[in-house]
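S.K.: What follows is each chain in one-letter form.
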Amino acid sequence: MNIQEYHAKALLAQYGVQVSKGAAVQSENEFDQALSQFPDDDNIVVKSQILAGGRGKGVFKNGFQGGVKLTRSKREAKEVASKMLGNTLVTPQTGPAGKKVRTLYFTQAENIAHEYYLAILMDREAAKPVIIASPEGGVDIEQVAVVSPEKITKIHVDPTQGLQPYQARQIAFGLGFSGSAFAGMLKCLECLYRLFWDKDASLVEINPLILTREGTVVALDAKMSFDDNAIFRHPEIAALRDLNEEDEKEVEASKHNLSYISLDGNIACLVNGAGLAMSTMDIIKYFGGEPANFLDVGGGADTEQVTAAFKIILSDPKVEGILVNIFGGIMKCDTIARGIIEAARSVDINVPLVVRLEGTHVELGQELLDRSGLRLVSADSLADAAEKIVNLVGEAPS
Amino acid sequence: MSVLVNKDTRLLVQGITGNFGGFHARLSLDYGTTVAAGVTPGKGGQLWQNQVPVFNTVTEAVENEGVNATAIFVPPAFAADSILEAIEAEIPLIVVITEGIPVRDMALVKVALAKSQCRLIGPNCPGVITPEQCRIGIMPGYIHKPGRVGVISRSGTLTYEAVWQLTVRGHGQSTCIGIGGDPINGTSHTEAVKLFNDDPDTDAIIMIGEIGGSAEEEAAAYIQANVTKPVAAFIAGTTAPPGRRMGHAGAIVSGGSGSAESKIAALRAAGIAVAETPSHIADALLRIYRP
Chain U
1 MNIQEYHAKA LLAQYGVQVS KGAAVQSENE FDQALSQFPD DDNIVVKSQI LAGGRGKGVF
61 KNGFQGGVKL TRSKREAKEV ASKMLGNTLV TPQTGPAGKK VRTLYFTQAE NIAHEYYLAI
121 LMDREAAKPV IIASPEGGVD IEQVAVVSPE KITKIHVDPT QGLQPYQARQ IAFGLGFSGS
181 AFAGMLKCLE CLYRLFWDKD ASLVEINPLI LTREGTVVAL DAKMSFDDNA IFRHPEIAAL
241 RDLNEEDEKE VEASKHNLSY ISLDGNIACL VNGAGLAMST MDIIKYFGGE PANFLDVGGG
301 ADTEQVTAAF KIILSDPKVE GILVNIFGGI MKCDTIARGI IEAARSVDIN VPLVVRLEGT
361 HVELGQELLD RSGLRLVSAD SLADAAEKIV NLVGEAPS
Chain D
1001 MSVLVNKDTR LLVQGITGNF GGFHARLSLD YGTTVAAGVT PGKGGQLWQN QVPVFNTVTE
1061 AVENEGVNAT AIFVPPAFAA DSILEAIEAE IPLIVVITEG IPVRDMALVK VALAKSQCRL
1121 IGPNCPGVIT PEQCRIGIMP GYIHKPGRVG VISRSGTLTY EAVWQLTVRG HGQSTCIGIG
1181 GDPINGTSHT EAVKLFNDDP DTDAIIMIGE IGGSAEEEAA AYIQANVTKP VAAFIAGTTA
1241 PPGRRMGHAG AIVSGGSGSA ESKIAALRAA GIAVAETPSH IADALLRIYR P
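These protein sequence lines map, in sequence, to chains U and D.
Okay, so the first sequence: first residue is 1 according to my numbering, each after it adds one.
Okay, so the second sequence: first residue is 1001 according to my numbering, each after it adds one.
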C-alpha cells in the first residue's frame, strides 16, 4: 500500500526526520488558512498529491505545465494552486489517463546546498533491509546505478540487530558529509530506519534529501509503501489508504476477498490461483487476444464470490468475452459450476463465455453446466480455451 | 527414491485443530501419510479425530512421537512464531502453507533459519508431495503419479496444471515442491534444483517461476554450470503490468527487474527449454527428455 507525500512527511516528522513546514488542502476555500502558516516573505512550493512519480515534469489536461511549482508569493501560490486542484495531471508514470489532483501540499521552499538520494527497502534476495544512498539526489536512482554505480552506497542491516552506528557512519561518509551536518545525517538515518522497521514498510524513499545552506538535513520529498501482509497490525497506516487512487472495480473486488487487477484488454478471465491467473492472461495474449483483467478467486471461493466476480468483470465496458479457467484441487469443479449458473441468474452474461474445468469433480461440474441451458462453450485444455475465446471475440460484431 | 519426504516421514501438523489444518491433515492421512502428531497450544492431551495425539508444544511432539517434518497452517499473524518454535525443536523439514505472513517476520525467521540445520519450504505454498508416499500441504493427491520427474514451482494451481499434464501423458513425478509465492521464502529455486540434481531417482526437472525477484535467473546460472538432467521451465506473468502485485505477494515487476522477459531470456541462454504457454509445460520437457 502506498501513501501520499503529505502523509509520508507527517510520519517522517513524527519519527524525528526533519521536513519542511507544510499544509495540505482539498478545496480552494482552505487556501488562505493553509498559507497563513507561512511568513509573508516565504517562497512556497505547491505540490500535487498523486501516487505517481514525475509530477514536476507532468502536464495538466487543462494545459497547465508542472505538477510541482515554486512560487514567489502567497498570491502566486494561490493562482497556481487553483489551476492544479481538481484537474487531471498526466506524468510519465500515470499513463495517458492521468490522475485527478484532489489534494495539494503547500511547503516552505528551502535553500538547497546539496541534494542526495536515500532509501530503505526490503531486499528480497538477501532477506534483509537494505539502505541505498547516493550523493546525486533529485534524479532517477536507476539512472545513477547505470551511469555511475560507484556513487551508490548499499548497506544491508541485520534485522535482529537493527541499524548500527558504524553502518550509519559508513553511509554518511559515503555521501561526503562532515562537520555538524554529519551528526544531522546520522540522526536522519537512525530515525528513518526506526520508521521503516516499526511500520512494516517495504520502501521509504527520500529523493531528494537535502543539506540546506543553514546546515540542516531535510527530506524534500517522500515516497512510502507498506507491506500489505502487515497492515493488520497498523490501523494508523491503513487509515491513510487513498481509495480515490484505486480502480473502483479493484476496491469492490477486495470487499469480496477477490484478487482483481484491471487491465486494458477486452477478454476477461476468472481463475483460481494467482499463478494460473497470470498464466491465463499470458495464454490469451499468446493466441492474439488482450486480457481485460487479472482475477484470482482463490482456493475456497463460494457462489457469492463467483457471482460478485462476474458482476465486477461485466461492469467493465471493454469486456467482450470471458474465459473461466478452473483447476479444481481443493476447490471442486461442481462448486464453480454452481457458482457460474447462480451468477448467470442474477447477472446478464451478454458476451461469449468459454469455460475450462479440470480436476476434482470435473465430470459433475461439466454435467451441471451442460444441463443448465447456459450459452457457453466448453474447452478441454487451457490452450483450447484461450484459442476459443480469442476467436469468439474476434468474430463478434463490434 | 525422492527428495525431502517419503514413506518414512513422520509428520507434525501445527494448527491441526483449525478448520484449514484439520481438513488437510485428514486428506494427508487418507493419502497414506504418517500424521504422527498435532500441535495446538492449550489443546495438549487431546486425540485429534480419535487418532492423532495433540501436544501443547512442538518440542513435546518431537520427544513423544519422533516427528521429522512439520506442516504449518497457523494464521499469518502467528505463523512466524510457529516457524521459530519448529526451528528451536530442530525439525529437519518445515513446510509453511500459510499465506500472508508479514515480510518483516520472515526476515527475522531467516536469521534463525540460517543458524539451524532445518530446511524451510514456503511460506504461501501448496506443500511437498512424493506420490503415493507422503503428502504435506494442500495439493489434490490424485493428480500425481509416482515417477522420475521433479517439479518445482512458486505457484499452487499452476503446479497442478503442469503435474496433470505429465500424469495424463503417462509420466510420473519423483517429488513436487511448492516453494511459495512470497518475496522471502525458505528454499529457493536453485536449492530445489540442487536437491533434484543430486537425487538418483529424478531424471528430469520442471521449474515453474513467475515475475518478481531474480531467483529464476540465479537458478538458470546454476543449472547451466551444474545440471546435466533435462530441465524445462515456464515463467508466468508476461502480460503483467509493472508495479502491480499479481496476487502473490512476491509477484511484482519493480524498477525494470523481475520481468518475465528477462527471466525467460536467462533461462533460454542457459539452455533450458522454456514452454511457450502454460498448456505446453509437459510437452516442452518431453521434447528434450525421452525416458
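One should not assume that every hint holds.
Capping the alpha-carbon separation at 25 Å, the derived lysine-lysine pairs in DSS-like fashion look like this [what the hints assert, rightly or not]:
#: 1; chain 1: U; residue 1: Lys199; chain 2: D; residue 2: Lys1110
#: 2; chain 1: U; residue 1: Lys151; chain 2: U; residue 2: Lys21
#: 3; chain 1: U; residue 1: Lys69; chain 2: U; residue 2: Lys311
#: 4; chain 1: D; residue 1: Lys1194; chain 2: U; residue 2: Lys128
#: 5; chain 1: U; residue 1: Lys128; chain 2: D; residue 2: Lys1145
#: 6; chain 1: D; residue 1: Lys1145; chain 2: U; residue 2: Lys154
#: 7; chain 1: U; residue 1: Lys128; chain 2: U; residue 2: Lys100
#: 8; chain 1: U; residue 1: Lys223; chain 2: U; residue 2: Lys21
#: 9; chain 1: U; residue 1: Lys128; chain 2: U; residue 2: Lys187
#: 10; chain 1: U; residue 1: Lys128; chain 2: D; residue 2: Lys1110
#: 11; chain 1: U; residue 1: Lys332; chain 2: D; residue 2: Lys1043
In case anyone wonders, no lab produced these hints; they're calculated from the structure.
S.K.: Compare the structure with each hint and give your call.
M.R.: Evaluation of the provided hints:
no. : hint                   : result
1   : U:Lys199 <-> D:Lys1110 : holds, 20 Å
2   : U:Lys151 <-> U:Lys21   : violated, 30 Å
3   : U:Lys69 <-> U:Lys311   : violated, 42 Å
4   : D:Lys1194 <-> U:Lys128 : holds, 24 Å
5   : U:Lys128 <-> D:Lys1145 : violated, 39 Å
6   : D:Lys1145 <-> U:Lys154 : violated, 47 Å
7   : U:Lys128 <-> U:Lys100  : violated, 36 Å
8   : U:Lys223 <-> U:Lys21   : holds, 17 Å
9   : U:Lys128 <-> U:Lys187  : holds, 21 Å
10  : U:Lys128 <-> D:Lys1110 : holds, 9 Å
11  : U:Lys332 <-> D:Lys1043 : violated, 31 Å
Checked against the numbered hints given earlier, the structure breaks hints 2, 3, 5, 6, 7 and 11 and satisfies all the rest.
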